[in-house]
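J.: Please put together the full structure from these sequences, using the hints given.
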Amino acid sequence: MKKLLTGNEAIARGAYEAGVRYASAYPGTPSTEILENIATYKEDILAEWATNEKVALEAAIGASIAGARSLAAMKHVGVNVAADPLFTFSYTGVNGGMVLITADEPGQHSSQNEQDNRNYAKFAKIPMLEPTDSQESKDMIQAAFQISEVYDTPVLIRMTTRVCHSKGIVECSERQDAPIKEYVKDINKYMTVPAFARKMRVKVEERMHKLLEFSNKTELNYIEWNDTKVGIIASGAAFTFAKEVFGDSASYLKLGFTNPLPTEKIKEFASKVDKIYVIEENDPYIEDQVRILGFDCFGKNLFPPYGEMTPDVIRKAIFGKTNETIDYNEEKVVSRPPTLCAGCPHRGFFHQLGKRKNVVVAGDIGCYTLGFADPYNAMDFNICMGAGASTGHGAQQIFNMNKDNNKRVVSVMGDSTFFHTGINALIDVAYNRSNTVTVILDNRITGMTGHQENPGTGYTIQGMETPELDIEKLVRACNIENIVSIDPNDLTAVKNAFDWALSLNEPSVIITRWPCVLKKLSAQDKEEFSGAFQSKYEINHDKCIGCRACVRTGCPAISFDNKAKKSTISFDQCVGCSVCSQVCPVKAIGKVEA
Amino acid sequence: MVKSILLVGVGGQGTILASKLLTTGLMEAGYDVKMSEIHGMSQRGGSVSSQVRYGEKVESPVIELGGADILVSFEKMEAMRWLEYLKIDGKVILNNYEIGSISILSGKVDYPEGIVEEISSKVDTIVVDAATHAKDMGNSKVMNIILLGATVKSMKLEGIDWEKIIRENVKKQFIDINIEAFKHGMSLVG
Numbered sequence: 007m008k009k010l011l012t013g014n015e016a017i018a019r020g021a022y023e024a025g026v027r028y029a030s031a032y033p034g035t036p037s038t039e040i041l042e043n044i045a046t047y048k049e050d051i052l053a054e055w056a057t058n059e060k061v062a063l064e065a066a067i068g069a070s071i072a073g074a075r076s077l078a079a080m081k082h083v084g085v086n087v088a089a090d091p092l093f094t095f096s097y098t099g100v101n102g103g104m105v106l107i108t109a110d111e112p113g114q115h116s117s118q119n120e121q122d123n124r125n126y127a128k129f130a131k132i133p134m135l136e137p138t139d140s141q142e143s144k145d146m147i148q149a150a151f152q153i154s155e156v157y158d159t160p161v162l163i164r165m166t167t168r169v170c171h172s173k174g175i176v177e178c179s180e181r182q183d184a185p186i187k188e189y190v191k192d193i194n195k196y197m198t199v200p201a202f203a204r205k206m207r208v209k210v211e212e213r214m215h216k217l218l219e220f221s222n223k224t225e226l227n228y229i230e231w232n233d234t235k236v237g238i239i240a241s242g243a244a245f246t247f248a249k250e251v252f253g254d255s256a257s258y259l260k261l262g263f264t265n266p267l268p269t270e271k272i273k274e275f276a277s278k279v280d281k282i283y284v285i286e287e288n289d290p291y292i293e294d295q296v297r298i299l300g301f302d303c304f305g306k307n308l309f310p311p312y313g314e315m316t317p318d319v320i321r322k323a324i325f326g327k328t329n330e331t332i333d334y335n336e337e338k339v340v341s342r343p344p345t346l347c348a349g350c351p352h353r354g355f356f357h358q359l360g361k362r363k364n365v366v367v368a369g370d371i372g373c374y375t376l377g378f379a380d381p382y383n384a385m386d387f388n389i390c391m392g393a394g395a396s397t398g399h400g401a402q403q404i405f406n407m408n409k410d411n412n413k414r415v416v417s418v419m420g421d422s423t424f425f426h427t428g429i430n431a432l433i434d435v436a437y438n439r440s441n442t443v444t445v446i447l448d449n450r451i452t453g454m455t456g457h458q459e460n461p462g463t464g465y466t467i468q469g470m471e472t473p474e475l476d477i478e479k480l481v482r483a484c485n486i487e488n489i490v491s492i493d494p495n496d497l498t499a500v501k502n503a504f505d506w507a508l509s510l511n512e513p514s515v516i517i518t519r520w521p522c523v524l525k526k527l528s529a530q531d532k533e534e535f536s537g538a539f540q541s542k543y544e545i546n547h548d549k550c551i552g553c554r555a556c557v558r559t560g561c562p563a564i565s566f567d568n569k570a571k572k573s574t575i576s577f578d579q580c581v582g583c584s585v586c587s588q589v590c591p592v593k594a595i596g597k598v599e600a
Numbered sequence: 247m248v249k250s251i252l253l254v255g256v257g258g259q260g261t262i263l264a265s266k267l268l269t270t271g272l273m274e275a276g277y278d279v280k281m282s283e284i285h286g287m288s289q290r291g292g293s294v295s296s297q298v299r300y301g302e303k304v305e306s307p308v309i310e311l312g313g314a315d316i317l318v319s320f321e322k323m324e325a326m327r328w329l330e331y332l333k334i335d336g337k338v339i340l341n342n343y344e345i346g347s348i349s350i351l352s353g354k355v356d357y358p359e360g361i362v363e364e365i366s367s368k369v370d371t372i373v374v375d376a377a378t379h380a381k382d383m384g385n386s387k388v389m390n391i392i393l394l395g396a397t398v399k400s401m402k403l404e405g406i407d408w409e410k411i412i413r414e415n416v417k418k419q420f421i422d423i424n425i426e427a428f429k430h431g432m433s434l435v436g
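Each protein sequence line maps, in turn, to chains L and Z.
Using my numbering, you'd call the opening residue of the first sequence number 7 and step up by one each time.
Using my numbering, you'd call the opening residue of the second sequence number 247 and step up by one each time.
Don't take each hint at face value.
What the hints assert, rightly or not - Derived Cβ-Cβ restraints for the label pairs, each shown as a range:
id	chain 1	residue 1	chain 2	residue 2	range
1	L	Asp233	Z	Ile421	48 to 54 Å
2	Z	Ser386	L	Pro343	23 to 29 Å
3	L	Pro591	Z	Lys381	32 to 38 Å
4	L	Thr498	Z	Asn385	37 to 43 Å
Keep in mind the hints are simulated off the structure, nothing from the lab.
These figures come from a predicted structure and were not determined experimentally.
Even glycine gets a Cβ: it sits at the ideal position worked out from N, Cα and C.
T.: Encoded structure:
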């Protein structure tokens with residue numbers, strides 16, 4: 007049965023066919039759709055959103071120890087969060103097979119950095135596979151579970167954006183039976199106290215020796231002989247990019263199993279070609295090994311150490327120029343940056359925050375990161391998910407060392423971010439009696455990755471109803487006493503909340519509660535937010551004085567006509583948040599029932 | 247021989263659905279097909295693209311600079327943004343429709359003028375008023391399928407059962423209008 011699947015869909019299909027019973031993840035581009043697609047196999051696989059990647063991996067480890075084939079998926083930076091359990095699970099090994107998928111982002115399409123997670127496989131001493139396209143994604147996940155169980159080890163699969171989000175034709179088959187293995191208590195294997203862990207460490211080394219033999223034998227690493235003047239060594243998406251440029255004019259060593267690298271196969275290939283190009287995305291991971299084996303090659307001395315190795319990048323690096331292109335006047339093209347949606351509940355909030363003087367805003371990872379941009383300019387820095395309140399706390403402590411300090415820190419994070427690791431940061435703030443203001447922008451869903459359920463929404467990924475976590479109570483339990491919940495579309499409420507919070511010399515939390523405009527409202531949501539998105543606003547051009555106050559809210563539904571000096575609201579886009587009508591000094595913006 | 251189609255537009259315009267229909271049709275016609283798209287960041291209103299490549303055997307899912315046989319732009323300015331990806335003897339299907347980015351909407355800069363003229367002077371261009379046609383049909387959202395029809399005709403892919411593909415991939419209540427839009431799009435290309 008042939009299907010057109012993305013790499014992420016193919017991973018899900020592969021997991022289903024491989025008899026996986028349990029899968030956990032935290033959403034993050036480009037990995038998100040892996041779990042979303044696994045979740046559709048409700049009868050056979052229990053899929054769960056975890057609060058963060060560490061929790062996801064730990065849950066999958068537990069499932070493996072209990073005997074089931076299990077999987078965890080995350081984006082590259084998520085593996086940093088999950089690194090702690092990963093390194094020790096490498097020592098204990100598995101019962102049911104366990105696979106960790108890292109979705110890396112060469113080119114940083116939607117990530118804060120571009121780390122090459124192949125280094126994690128080497129660092130954690132676990133085998134790694136690198137699929138090139140959708141078919142390989144499906145095939146390799148099945149191979150990965152076999153490797154995991156045969157060699158008693160977790161396995162890392164490194165995907166990249168172009169593998170995750172590209173579609174190709176995949177041959178699918180039926181689910182194979184992988185019964186849950188018996189659980190037998192074995193403290194020598196699973197208790198990592200030093201006396202036992204030292205023995206495990208020796209076994210890890212033996213395992214890597216066996217895996218090296220496997221790497222040299224397996225067809226996951228193969229040679230394609232053509233002309234031997236040029237030999238290309240490549241893995242992942244870079245292999246297809248290289249083939250696009252060289253076609254049959256070069257020979258290839260395609261590496262699909264890349265930790266440990268197949269030293270004998272590399273030697274065989276390298277000794278038979280005149281010139282070697284190592285084409286890989288990000289770090290010189292393969293190149294370093296080729297050089298250690300004594301072969302000179304063209305690698306990062308020729309190709310960029312960052313970004314995607316797309317065909318034009320390869321062509322430029324080797325031949326000095328890309329294909330011929332059409333000349334045009336680039337100045338005509340105006341940039342089109344991502345913006346907060348019309349009706350986004352973060353808009354009113356950032357509009358108010360951006361006006362505050364002597365406030366430093368510590369940001370976090372989510373849609374609200376866009377609050378840094380024009381017209382809000384309401385964010386100073388952001389580091390990683392969950393770091394808003396903690397970086398903000400650190401900064402505030404330093405500002406407070408200046409006795410004339412008048413700078414106050416406002417830290418912002420979303421609901422899902424709070425559950426991820428933001429809660430740890432908030433505990434730190436409360437415990438250390440910081441006077442920062444922490445804002446939890448609760449838009450009732452995990453917004454930026456495309457609307458995933460979370461502990462605050464009342465549903466699991468597989469649609470099961472579950473008790474909704476009360477953020478306010480949780481914040482109180484962290485020992486924060488100053489808490490206020492507001493509707494962020496109500497600008498006076500936002501202003502009052504800031505006035506109140508900034509007047510305190512102790513920690514406070516502002517919770518904004520209004521659903522993401524793209525969220526599919528549940529019956530409960532409809533009750534709580536009755537009237538949401540039901541009205542529209544329009545501008546009376548007779549009253550409009552062209553002051554642009556409405557435009558400065560940054561709403562994409564509002565446009566300003568430079569000739570007429572009037573603003574207009576797009577009827578199609580407006581969802582009636584009313585923020586523009588609140589900022590209009592001449593009351594020219596009024597409500598119309600949709 | 248591998249052919250490459252680059253579809254570009256603004257988030258929310260339905261480029262992804264059009265690409266999905268296109269890709270499904272090509273697969274069912276027996277081609278090897280690869281499709282690539284980039285999404286992530288809050289893309290509503292942002293520039294979006296999807297790339298479709300088909301032929302006997304497709305390697306890269308990504309179209310390189312100067313590599314697209316046809317550029318289908320759902321928005322006028324986006325055609326210009328992606329023009330360097332077109333082969334110098336390639337073809338543009340240009341939806342004569344403007345969506346301002348935030349700096350244009352706020353009146354800081356004007357929407358660029360002369361785009362259609364500049365592109366048509368450089369490359370074979372079919373200008374389509376898909377917004378008007380869609381509005382005439384009673385649903386402005388079918389702009390994307392009108393453009394799909396025009397693309398299919400331009401790439402000489404009429405032999406595929408597109409009606410069946412549309413029927414199987416759009417919501418029931420929108421099947422008829424989408425088929426009508428598709429046929430209309432085909433009729434716009436000579």
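J.: Compare the structure with each hint and give your call.
T.: Results for each hint:
no. : hint                            : result
1   : L:Asp233 - Z:Ile421: 48 to 54 Å : holds (52 Å)
2   : Z:Ser386 - L:Pro343: 23 to 29 Å : holds (25 Å)
3   : L:Pro591 - Z:Lys381: 32 to 38 Å : holds (35 Å)
4   : L:Thr498 - Z:Asn385: 37 to 43 Å : holds (40 Å)
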